[in-house]
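Participant: Chain residues, written in single-letter form:
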Amino acid sequence: MTELIHLSADALSQKLAAKEVSAVEATQAYLDRIDAVDGAINAFLHVNTDEALLVAAGVDKARTDGDTLHPLAGVPIAVKDLIVTKGQPTTAGSRILEGWQSPYDATVVRKLRAARMPILGKTNLDEFAMGSSTEHSAYGPTRNPWDLDRIPGGSGGGSAAAVAAFEAPLALGTDTGGSIRQPGAVTGTVGVKPTYGGVSRYGAIAMASSLDQIGPVSRTVLDSALLHEVIGGHDPHDSTSLTDPVGALVEAARLGQVEGMRIGVIKELQGEGYQAGVLTRFHESLDLLRSAGAEIVEVSCPNFRYALSAYYLIMPSEASSNLAKYDGVRFGLRVVPEGTPTIERVMGATRAAGFGDEVKRRIILGTYALSAGYYDAYYGSAQKVRTLIQRDFAAAFEQADVLISPTAPTTAFKLGEKLDDPLAMYLNDVATIPANMAGVPGLSLPGGLADEDGLPVGIQLLAPARKDARLYRVGAVLESLLEATWGGPLLAQAPEITGGK
Amino acid sequence: MAEINRDDVAHLARLAHIDMTDDELDRMAGELGGIVDAIKSVSEVAGDDVPATSHPIPLSNVFRDDVVGETLSNEEALLGAPDNADGRFKVPAILDGE
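Heads up: the protein sequence lines correspond to chains P and U, in order.
First residue of the first sequence? That's 1 in the working numbering, and the numbers climb one at a time after it.
First residue of the second sequence? That's 502 in the working numbering, and the numbers climb one at a time after it.
If you are wondering where the hints come from, they were derived from the structure by calculation, not from laboratory data.
Even glycine gets a Cβ: it sits at the ideal position worked out from N, Cα and C.
One thing to keep in mind: the hints can contain errors.
What the hints assert, rightly or not - Once the Cα atoms are required to be at most 30 Å apart in a straight line, the calculated DSBU-like pairs of lysine-lysine come out as: (1) K325/P with K360/P; (2) K591/U with K360/P; (3) K541/U with K267/P; (4) K325/P with K541/U; (5) K418/P with K541/U; (6) K325/P with K591/U; (7) K86/P with K591/U; (8) K360/P with K541/U; (9) K267/P with K86/P.
To be verified - FRET-style restraints, in silico, Cβ to Cβ: (10) A492/P with F564/U: 22 to 30 Å; (11) D587/U with S371/P: 37 to 45 Å; (12) D67/P with D567/U: 30 to 38 Å; (13) A492/P with D550/U: 47 to 55 Å; (14) T498/P with V568/U: 25 to 33 Å; (15) A539/U with E417/P: 50 to 58 Å; (16) A57/P with R565/U: 46 to 54 Å.
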């Protein structure tokens, strides 16, 4: 059944509709693949075998009965373990939530269930989505299917690796500073951060509420559009949810047209700090877009150079507040020190044992940035930088319909390489963070393999807020031009995964 | 190097309710100093004329109709709690014994 797992979600949905394959066969093929390779990849923290097969069987029966089904009914999906699901554990990659089960479903999960998509399981992540390598998971790192000694990106390394290793055709991720797009870049997959508020955050365990966004992870641009339409739209449970309609994203991906469009190259997101092979592939993509009739212009966003610093004040500040709820009272771990301790000592012991190093680092940093005497200098200033970044975007979108940059400055690095150097780790997100700061949508798609290491390079497209459709329209064109030069999808060049069980 | 010493971190850790060992405090003080040095440039970028942005896409007056929606039952709310009694979360003493 290897052919089955190599199909795109779109192709699989057509075969399901034509009854050439059943949803149970497709779901079982993916479960078999997880069984065969996930010992090596560690993309899944929980595999949801029984429920997934039950949902698939229901879809097959409904199809036999002639019921009207959603186009993605029976197409399996993996869910990042930051998103709560009834009937399955949700850990957020943390010891503090080990064994916890949510009493409710996230809105996006409800929508997957309404579309009758079998949920294969929950995918690994950096603890509470804090990291760029998935090494900060309390349950061991996920490995990159292109090279098992390398990181799959983060925080959504599990979702990206699962899709890259053909363990799932689709996955959900969350992106606070690049956690969907950067893993997409280093695993040769597609990942989209929608416009802030375009997809409900209800049931996504919050890290930084003004930056967090759920989005699709897939192997093709069209597949992300299909999933985006399932999960998008207004949700009264999320007061930051936009009331706009989702928009014709699938249509934009199928149309795929760049002729006459102006595509802006962001001057500040290239050059120093960017790997040579990443820039070579990036410039090839620009040439391809030019050949398809797009006008390539250069834009300058001078304040982007402060985005990383401002992000590392805003994100920890919001996270330190959001993570205060893990107090050993309402859910998760409780550690009781000896004697008859007060609740205060129980909290201190619980959080010491339950949180990992990076989470503690960010909580302390956020507590510092919000302290009396520092608030204006740090948090207040960072919020002003946010305004300047939004203005840079506004000016750039006067000159261009879509912006383009490498998604990450380098290809996947080795496991352990940056674990002891938080600042070096933070630099991975330098090109993805501006979108979160401004709330604009971004998409990463594979741009080829870097010459020096043969590893995937990501190309990032950015559009104005609420114009997510443009990402799909341009992304689909670039994808098809690139695949024509490679003679097929980039993932066809990925090595066999060995040593799985 | 920003001036964050061990005592500062100990104070922050107390505020954040995270017990830390002496080794952790020392390590965290060094790391935080480095991180704050790297990011403190933000305080020099924007002048008083630049307004702060707290939310990327401003919305105002987000209300819903004043009707009772779906809520968790008492049992569901207590399901993940480490301890409960009489339909409530059970916690250790709030105040010290004396």
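Participant: Compare the structure with each hint and give your call.
Facilitator: To see whether the hints hold, each was checked on the structure:
With a C-alpha separation of about 14 Å, the suggested pair K325/P and K360/P falls inside the 30 Å cut-off, and the hint holds. At roughly 26 Å between alpha-carbon atoms, K591/U and K360/P fall within 30 Å of each other, so this suggested pair holds. Between K541/U and K267/P the CA atoms are separated by roughly 24 Å; this keeps the pair inside 30 Å, and the hint holds. Note on K325/P and K541/U: the hinted pairing holds, with a Cα-Cα distance of about 28 Å set against a maximum of 30 Å.
Proximity of K418/P to K541/U is assessed by CA-CA distance (about 22 Å); at most 30 Å being required, the pair is judged to hold. For the proposed pair K325/P and K591/U, the alpha carbon gap of about 16 Å is at most 30 Å, so the pair holds. With a C-alpha separation of about 24 Å, the suggested pairing of K86/P with K591/U holds against the 30 Å cut-off. A threshold of 30 Å between alpha carbons decides the hint, and for K360/P with K541/U the separation of about 20 Å falls inside it, so the pair holds.
Only pairs whose Cα atoms come within 30 Å are accepted, and K267/P paired with K86/P is rejected, the gap being roughly 45 Å. Separated by about 51 Å at the C-beta atoms, A492/P and F564/U break the suggested range of 22 to 30 Å. The hint said 37 to 45 Å for the Cβ distance between D587/U and S371/P, and at roughly 39 Å that hint holds. Look at D67/P against D567/U: about 37 Å separates their beta carbons, and that is inside 30 to 38 Å.
About 54 Å separates the C-beta atoms of A492/P and D550/U, a value consistent with the hinted range of 47 to 55 Å. Range check, T498/P to V568/U: about 57 Å between beta-carbon atoms, so the 25 to 33 Å window is missed. Under the hint 50 to 58 Å, the C-beta atoms of A539/U and E417/P, about 19 Å apart, miss the expected range. With their beta carbons about 37 Å apart, A57/P and R565/U fall outside the hinted range of 46 to 54 Å.
Of the numbered hints given earlier, the model fails hints 9, 10, 14, 15 and 16; all others are met.
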